[in-house]
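4 protein chains.
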Amino acid sequence: MSGIAADDITPWLPPEDLDRVRRQVPMLYVDLLPVRTDESGTVTQVGLLLRMAQDNLSRALVSGRVLYHESIRQAMLRHLEKDLGPLCLPKLPTSPQPFTIGEYFPTPGSGAAYDPRQHAVSLAYVVEVEGDCQPQQDALDFAWFTPAAAQAPEVIDQLVDGHATLLRRGLAHAGVDL
Amino acid sequence: MSGIAADDITPWLPPEDLDRVRRQVPMLYVDLLPVRTDESGTVTQVGLLLRMAQDNLSRALVSGRVLYHESIRQAMLRHLEKDLGPLCLPKLPTSPQPFTIGEYFPTPGSGAAYDPRQHAVSLAYVVEVEGDCQPQQDALDFAWFTPAAAQAPEVIDQLVDGHATLLRRGLAHAGVDL
Amino acid sequence: MSGIAADDITPWLPPEDLDRVRRQVPMLYVDLLPVRTDESGTVTQVGLLLRMAQDNLSRALVSGRVLYHESIRQAMLRHLEKDLGPLCLPKLPTSPQPFTIGEYFPTPGSGAAYDPRQHAVSLAYVVEVEGDCQPQQDALDFAWFTPAAAQAPEVIDQLVDGHATLLRRGLAHAGVDL
Amino acid sequence: MSGIAADDITPWLPPEDLDRVRRQVPMLYVDLLPVRTDESGTVTQVGLLLRMAQDNLSRALVSGRVLYHESIRQAMLRHLEKDLGPLCLPKLPTSPQPFTIGEYFPTPGSGAAYDPRQHAVSLAYVVEVEGDCQPQQDALDFAWFTPAAAQAPEVIDQLVDGHATLLRRGLAHAGVDL
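Chains as they are written, first to last, in our numbering: chain A, 1 to 178; chain B, 1001 to 1178; chain C, 2001 to 2178; chain D, 3001 to 3178.
Please keep in mind that the hints were generated in silico from the structure rather than gathered at the bench.
Positions of the beta carbon are idealized from the N, C-alpha and C atoms, including for glycine.
Incorrect hints may appear among the rest.
DSS-like cross-link-like pairs, simulated, lysine-lysine; straight-line CA separation at most 27 Å [as the list claims (entries may be wrong)]:
no., chain 1, residue 1, chain 2, residue 2
1, C, K2091, B, K1082
2, D, K3082, A, K82
3, A, K82, D, K3091
4, D, K3091, A, K91
5, B, K1091, C, K2082
6, B, K1091, C, K2091
Computed beta-carbon distance windows for the label pairs [unchecked claim]:
no., chain 1, residue 1, chain 2, residue 2, range
7, D, P3015, B, S1040, 33 to 41 Å
8, D, P3015, A, D161, 55 to 63 Å
9, B, L1050, C, R2078, 36 to 44 Å
10, B, D1138, C, E2130, 27 to 35 Å
11, A, M52, B, L1057, 52 to 60 Å
12, B, P1014, A, L18, 16 to 24 Å
Next up, chain A with everything else stripped away, as it sits in the complex (with noise of 0.2 Å):
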């Protein structure tokens, strides 16, 4: 089975393998709300992605898994350079200190957010980006709101499902809840 010998250092999974292992243990992922600032540092948008799924629009932080061997940081960047392409310019935080944990179960009704696919556990970040920020992939459109914006009924609704409480979170640390 020499297979084995190229499962233990790649970090890419066959989706049968990923599937299974989705049901075995928690995967790790990490959701990052991207931020313009001021020159004072003080958040001044927030960017969210626009995707069509099964017929409905929905909204969505950067969101991704951490794969085997990647570090929080590289895997940090990779989601936001694949979400908002190579010239979005993220300045990583300096800390590793998220401000909250985001909790996945794939029970409705659970209390924690809901994800039918797996259980999951996110390490949620602020991430500052400076430069052209463009959606790929499947994604429709990335669009900057201000922080008022971001909380209006309309946009909270269509957040998947546990991004709108990751939202409002990451709008309280960084001081601009209102």
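With chain A fixed as given, assemble chains B, C and D onto it according to the hints.
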């Protein structure tokens, strides 16, 4: 879907499955620094486990895996009671924000901590423990140290890889780094 | 320099000196959000003071000035016992890191909270309170609210300027923002 | 005494007033640890000021008083530009949450840091500085150190009272404590 259903909901994994998963995705852990405080909340003592591993004595924080479908708070309680006994009476922190993140790689010399078994990421918390602590299972001892004593070279050198860093960061976060 | 020496070491200021100082430098405060938690550390209730001020009912966090030569932890204990009574049994946080900073300016409309008396900056902490809380002095009542009830408009609207923001940030930090 | 109106709005205090106020209330400071980071946000260098005081060389973080009617963010910008020059290009943190609090007492041996002039409390932040830093005013030098070099005994021993603790806590918070 008889067997599968059980797989879906049990947090327990057969050893061979766990070994495989550990080479496929990062494993999520909690690393907990048990402390005693005075009435003003100042940390006066930190607790470390002592174990015998391959003829060597080693010290460690309370540490363990988060299971499938287990919340972070449940995992914290379970590992504290598993390692310190059912009478340890932990006061879990009110915030889910860890003071730092631990990263362990199966590759020595990668800059992160070394864990030959797996790639692991831990959420690290300082936890006040108010009750009676007794070493359980494989632990030889559980001992309280003043912050200064815990940072003595003879203690630091016995800590398993990565835990000296977490101990220092936890004490720094608690404001007792000297 | 007889009289001056006393001034040098007493934390108490005559009202006319306090009025003057309040127009000369920012005043340092602590703003404390008292909470009850369940055994897993999850915040289940937050406590708010009710006062009568100029014919209006107003609600507030536990809040007060840090005195000359008083430590932050001493100021926290003093204000909790002053407002909630000597049996309130607070568990001060192990870390001196506040969850946010409150800023109050004597100029309405400056973007910060408004305090006509002074420029003040507060260190804001969530504090678990385990004992019996009784309103003291000028308070009419001290009441516990679920996180959801505390964020109801009729409660939020009664909060003194700046405290609604601190309440929201404190709950967000504690992971119970909904 | 028409000057009172001016006193009310100017942040500047005559030296005799400042001396008096310093014995009446705690003075609010910011303590800032300037850092350089690599593209992944990891701190690679920390900056320290070198000054001559009473025939002794001493090193320090960027540190200074918050003025009346000055916001925390304004005070951070002002002190960074005052000490590092107008081209230092600081990136202020997105969150107002300091990584720790510094406490300075005018009484030696009180357990806190010693400042013979006053009781002071500082909000401590790690601040990334992207531009060109030149020592200003009374500083002899501003030098960048690797995190390891900054913690060498000969550097630590030159730091003004309290700043070694803040340096260690800042590096621990940034995840580069070794």
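Status of the hints after comparison with the structure:
Using a Cα cut-off of 27 Å, the hinted pair K2091/C and K1082/B holds, with the two alpha carbons roughly 25 Å apart. Of the pairs offered as hints, the one joining K3082/D and K82/A is violated, with about 40 Å between alpha carbons and a cut-off of 27 Å exceeded. Using a Cα cut-off of 27 Å, the hinted pair K82/A and K3091/D holds, with the two alpha carbons roughly 25 Å apart. Simply put, K3091/D and K91/A have alpha-carbon atoms about 10 Å apart, close enough for the 27 Å limit, and the pair holds.
Of the pairs offered as hints, the one joining K1091/B and K2082/C holds, with about 25 Å between alpha carbons and a cut-off of 27 Å not exceeded. Of the supplied pair hints, the one linking K1091/B and K2091/C holds, its CA atoms being roughly 10 Å apart against a limit of 27 Å. The given range of 33 to 41 Å is respected by P3015/D and S1040/B, whose C-beta atoms sit roughly 35 Å from each other. Roughly 60 Å separates the CB atoms of P3015/D and D161/A, a value that falls within the hinted 55 to 63 Å.
Range check, L1050/B to R2078/C: about 40 Å between beta-carbon atoms, so the 36 to 44 Å window is met. At roughly 34 Å, the beta carbons of D1138/B and E2130/C sit within the given window of 27 to 35 Å. Distance hint check: the CB atoms of M52/A and L1057/B are about 58 Å apart, consistent with the given range 52 to 60 Å. Here the CB-CB span from P1014/B to L18/A is close to 19 Å, well matched to the stated 16 to 24 Å.
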